[in-house]
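Chain by chain, the residues run as shown.
Protein chains: 4
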Amino acid sequence: MLSGEKIRVGIFGGSGYGGSELLRILLFHPRVEVTLVTANEHAGKAVAEVHRNLHGLTELRFEKTPEDFEGLNDVDCVFLALPHGQALEIVPRLPSGVKVVDLSGDFRLRDAEQFKEHYGREHTATELQREFVYGLTEINREEIKRARLVSNPGCFATATLLGLAPLAAAGAIKGRVVVDAKTGSSGSGAKPAANTHHPQRANSFYAYKPFTHQHVPEIEQTLGDVSAAHDWANELVFMTHSLPVSRGIFASIYAEVDEGGRMSADDLSALYSDFYRGSFFVRLVKGSPDINWVKTTNFCDIGFAARGRQIAVFSAIDNLVKGAAGQAVQNMNLMFGLDEKTGLMLVGGNP
Amino acid sequence: MLSGEKIRVGIFGGSGYGGSELLRILLFHPRVEVTLVTANEHAGKAVAEVHRNLHGLTELRFEKTPEDFEGLNDVDCVFLALPHGQALEIVPRLPSGVKVVDLSGDFRLRDAEQFKEHYGREHTATELQREFVYGLTEINREEIKRARLVSNPGCFATATLLGLAPLAAAGAIKGRVVVDAKTGSSGSGAKPAANTHHPQRANSFYAYKPFTHQHVPEIEQTLGDVSAAHDWANELVFMTHSLPVSRGIFASIYAEVDEGGRMSADDLSALYSDFYRGSFFVRLVKGSPDINWVKTTNFCDIGFAARGRQIAVFSAIDNLVKGAAGQAVQNMNLMFGLDEKTGLMLVGGNP
Amino acid sequence: MLSGEKIRVGIFGGSGYGGSELLRILLFHPRVEVTLVTANEHAGKAVAEVHRNLHGLTELRFEKTPEDFEGLNDVDCVFLALPHGQALEIVPRLPSGVKVVDLSGDFRLRDAEQFKEHYGREHTATELQREFVYGLTEINREEIKRARLVSNPGCFATATLLGLAPLAAAGAIKGRVVVDAKTGSSGSGAKPAANTHHPQRANSFYAYKPFTHQHVPEIEQTLGDVSAAHDWANELVFMTHSLPVSRGIFASIYAEVDEGGRMSADDLSALYSDFYRGSFFVRLVKGSPDINWVKTTNFCDIGFAARGRQIAVFSAIDNLVKGAAGQAVQNMNLMFGLDEKTGLMLVGGNP
Amino acid sequence: MLSGEKIRVGIFGGSGYGGSELLRILLFHPRVEVTLVTANEHAGKAVAEVHRNLHGLTELRFEKTPEDFEGLNDVDCVFLALPHGQALEIVPRLPSGVKVVDLSGDFRLRDAEQFKEHYGREHTATELQREFVYGLTEINREEIKRARLVSNPGCFATATLLGLAPLAAAGAIKGRVVVDAKTGSSGSGAKPAANTHHPQRANSFYAYKPFTHQHVPEIEQTLGDVSAAHDWANELVFMTHSLPVSRGIFASIYAEVDEGGRMSADDLSALYSDFYRGSFFVRLVKGSPDINWVKTTNFCDIGFAARGRQIAVFSAIDNLVKGAAGQAVQNMNLMFGLDEKTGLMLVGGNP
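Chains as they are written, first to last, in this note's numbering: chain X, 1 to 351; chain V, 1 to 351; chain G, 1 to 351; chain L, 1 to 351.
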């Protein structure tokens, strides 16, 4: 990009929380101009009427998904924040010069069988699939810089992988790894549903989709890339729970080091510090992180504990930012040669 | 009732929060046997599967609304916890020996025009309407004892009227009365909706239905009964707001005493203490009540403040108990000659 | 006990949440008369002024801890709800005819060294310790019936042990067991502190006391009693986290069955159903339990999941009821020959 | 200021929520360099260790309050975010070239008697008092531009005055005005206390300091400036309540228009639109505002309702931003000739 030139961005699916957070970030990104945002059910309405946090901050209006995509020739980058299955239809039709960041699960899995099993449909664009880079920025930064098509990771996958990758890469652990993950209610999307009905959710905590969350295969796939030695398909135990807060994912990761190979919390911190050198958005903390300190930001806070051969890694993100829209913009920055922090200095409040 | 004999109770509309709380109370009421509970969308399902708080506590199953009501001859009392408009259809068809407590707005208003204006339909049972007693227990206790048909007050109306009636009855105030009322999210019912979507509701506070809430006319009607001297239609300002809690209504009531007629908080407390002598479920507190101390209970806590000619009365209830199911059972107790506290010693927790 | 006779009860430490919940239950227990409740900092004050949920429900006043314990001869049962370390001083001085339920950690551990390590003080009553029965009702019911002295389990220990004991007893699991436990804020007590400061806690989730919570040794001790075959000191991984709700503990328990020994969720349910036959307060649920459905009650809800050799057990309680005051009363009931449910039909609300 | 030059800023009292939010804003303000931040109890500690939202974002450390203020000669602007009473001591000792924004109540009231009554101490700097401008930006913008000393309004005063000033200025209302105001828990500060103890606060709502909140006199004083015709001391009824959220103030304002002088919600909107022309941070909304849409931002959202002669104005702010730190920076911007929006494009999230 020429310095000062703007990236012309289109957002498909601007009415959900992913789209909403993309708008919160991109409308104030110094190098971006949002030229299109679609939401079929709100076509014609002002964006600021639907996302009332943006009242007074934008004149943009929602549009229908275009019938043909010729007009997208003057768009530089498209974000897809659509329900699973729609990106499969759209990406093949996009002009080949347009870069794409897809926030859905459509292009995360390389194995078409696994895709079918977890998403309940045939993968109809397996050739394109090969071109997609998995957009876990801190792990695949160099590939992302060169990519035209990036598949943004799931929120649970982001928290889990950032917490587990350094340990896996170091070959420091053996046997079963247990990941107990918890998410805030915005993870269920902007549409009202029984599990996000306030009177019930406000005082609740429960497990859901036990062992079968659709983020499991992308976690296993990425861990396999990082460390082929481990039998992740059998050794990863992953469980999702619902927290009574709006935002935040917290993953508690339990592993065991080899006999004789003890690691203290400080050892772990040193290992992760090396691994994440140069990664501004991963912050290592003393003791436990807290979702309160990452809310509304693109940070992933990671902390450690150890006793004997047992180790625990705690990872906290905002599910809508580092777990979705923030990481998507971080990836766009890299794809266009910008500093990955550009437009992402979202500072959280205290309290 | 013969001592020891059980009141056979039928509940129409057992799947909403009103029905749910009726079940929580009536299934453990020492003088009640629940013989029927309807919920068309759950017909055949175990009650405890729908209301999971009751798991292990009842074998009862939901039934469809009966096609004819002959079978209800062996029911002593029917509670109607249905959407507005349905009691209008059902009550006229009930056997004349059955006592009724209706929790909807169908029979609260004596004026058919007002009913039409606020509920958007013709009143089709105006003759029956005359037989209904407005079930604000502490105000209409003697009429309720003799009633066959009782119309249970709205939740906002209960909090407001219990807070305002003694002042109105004493003729102590003049001019405009402002009622700023706030409700928890369960007041919107058990069906998920945009305004009770957890991610949004959890950090929100806002006003809604400004000046036009459907409880306004029943408040004005009852205040008129208590004190015809006041021009309530012009002098009552009533506003509803949404609180980010599951349960609770808090009404802040602002009034002005006559020139020369100052009342301190202690004077107010003495006045209310007189008025509510013998009313176990109204508790007078020092300073402000708190919805936290009445949640899950049938209490209405009332507190006072005064400065110069300005006075404030604060009234707090659980919207589903004193504001709905609890008061309904309190009324049933009276209608069957029982102590009004029977089955209603629901003690709230701390915290 | 003669039928109809009342158990005269004294409560030491009535100002904290444990004491508060004991009062909520015991004041309405049909076979109990509370004759004494102490709280040195509130001596002379009305109980209902401190615990405002009890306003209008009791005339009882807090007293100072008696200087000598002669007067306790006409007390049948003493509950100790005091900070750790105080029961050590008091129990030896109590008249020998008085039965005791201690809610602190003072008499839970048989090993004086472990006590010193986790509670930071010498155990000064090791002889008495031998007489104490660990009051996990569903596991030690028969011993509790015969006991004069009962040590009530910790809240985390209760949730964890009820979730894990059947599996341990069946010898069905091998290797490491991971327990990821989460508690509501009332677990930190009634005194304001940084970790329960509302602005911070309301949107937070974090781990604390990693691997070192003081409930770990009582969990290991009890699991050892249930199944000596397992090396619990090395194979139990226990982690505590903070939830942004007032009440509730949720334990996610991860284990692995022997090769060849797969168990489905239904198998697990059948195993637990056998184990908890006759245990009214343990409820087995489909899928996951939810703290929302046990809040304010004495229930422990347990659910299951399985995939391959991996199994997960989920256990949910109210930390102040089944995790403290409720279980204490359940134990008292047994110690005095009553049905364990007496006074404990605390039905939770929906929502 | 020369374009590009930085304002050197010192913050006194950086450990509370006011100081914390000042840091969140000023550390990223393009025209500010924070050169000093004091917090006696944390002297020497890293700011990011105390305010964990700032982890990784600043190397700044807390210092003790300087013994003499000579060194402050190279500071351009001082923010005082100290408990009431301390600014009284500090401001007279500051070098005369330093500009000051005081966030406490020390210099808000022109009447020393009123100050003594509400703050419980003598005003010891009445001469300086005269030089202070009341920093309600949208009302006193021109005076603030010329001021050296600015006294930042209280949070309740900001929400109330922005909601009421246009109406008062228009002379459109008569008689009593009732303001029912509600605040989130961060309004009570960063120190744990009984009223912000999470287990209690999480499900509570109550009134406090009835009629006597210390923000009442500054509201009356400012309304008197705007409209001397109204007898505010007798006609303003102001009540504060506690909301179970971290952030946000919502003021419901009830007034009555002259007979014959009816105003619709649209009329009100037009009046306010005129009044706030050019005021970016006041946003007029349809219906009711919601604290959810202003949280973490410097916006004040205002909405309207009307029925007959009754009108209601609703005003929502973030108590720590527009109600404290944000408005303080907005004032600093004006005092140094900058666009008032500089560094204040804090965009709130959805949800």
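Simulated from the structure, these hints should not be mistaken for laboratory data.
There could be a bad hint or two in this list.
Repeated chains share a single entry, so a pair holds when one copy, or any two copies, can fit it.
[Stated by the list, open to error] Derived pair list, reagent style BS3-like, types lysine-lysine, alpha-carbon separation capped at 25 angstroms:
hint: 1; residue 1: Lys45; residue 2: Lys286
hint: 2; residue 1: Lys286; residue 2: Lys191
hint: 3; residue 1: Lys209; residue 2: Lys286
hint: 4; residue 1: Lys341; residue 2: Lys116
hint: 5; residue 1: Lys341; residue 2: Lys286
hint: 6; residue 1: Lys64; residue 2: Lys6
hint: 7; residue 1: Lys99; residue 2: Lys145
hint: 8; residue 1: Lys209; residue 2: Lys191
hint: 9; residue 1: Lys341; residue 2: Lys6
hint: 10; residue 1: Lys45; residue 2: Lys209
hint: 11; residue 1: Lys209; residue 2: Lys341
hint: 12; residue 1: Lys99; residue 2: Lys174
How the hints compare with the structure:
1. Lys45 / Lys286: Close across copies (15 angstroms), not inside one copy (46 angstroms); limit 25 angstroms.
2. Lys286 / Lys191: Answer is between; shortest inter-copy Cα gap is 22 angstroms, intra-copy 37 angstroms.
3. Lys209 / Lys286: For Lys209 and Lys286, the Cα distance is within 25 angstroms only across copies (13 angstroms; inside one copy 32 angstroms).
4. Lys341 / Lys116: neither (35 angstroms within a copy, 50 angstroms between copies)
5. Lys341 / Lys286: Within. Shortest intra-copy distance 24 angstroms satisfies the 25 angstroms Cα cut-off; inter-copy 36 angstroms does not.
6. Lys64 / Lys6: Classified as within: same-chain Cα gap 24 angstroms, cross-chain 46 angstroms, threshold 25 angstroms.
7. Lys99 / Lys145: within (11 angstroms within a copy, 47 angstroms between copies)
8. Lys209 / Lys191: both (19 angstroms within a copy, 23 angstroms between copies)
9. Lys341 / Lys6: So Lys341 and Lys6 pass the 25 angstroms test inside a copy (16 angstroms) and across (23 angstroms) alike.
10. Lys45 / Lys209: So Lys45 and Lys209 pass the 25 angstroms test across copies only (23 angstroms; inside, 36 angstroms).
11. Lys209 / Lys341: For Lys209 and Lys341, neither the intra-copy (34 angstroms) nor the inter-copy (34 angstroms) Cα distance is at most 25 angstroms.
12. Lys99 / Lys174: neither (40 angstroms within a copy, 50 angstroms between copies)
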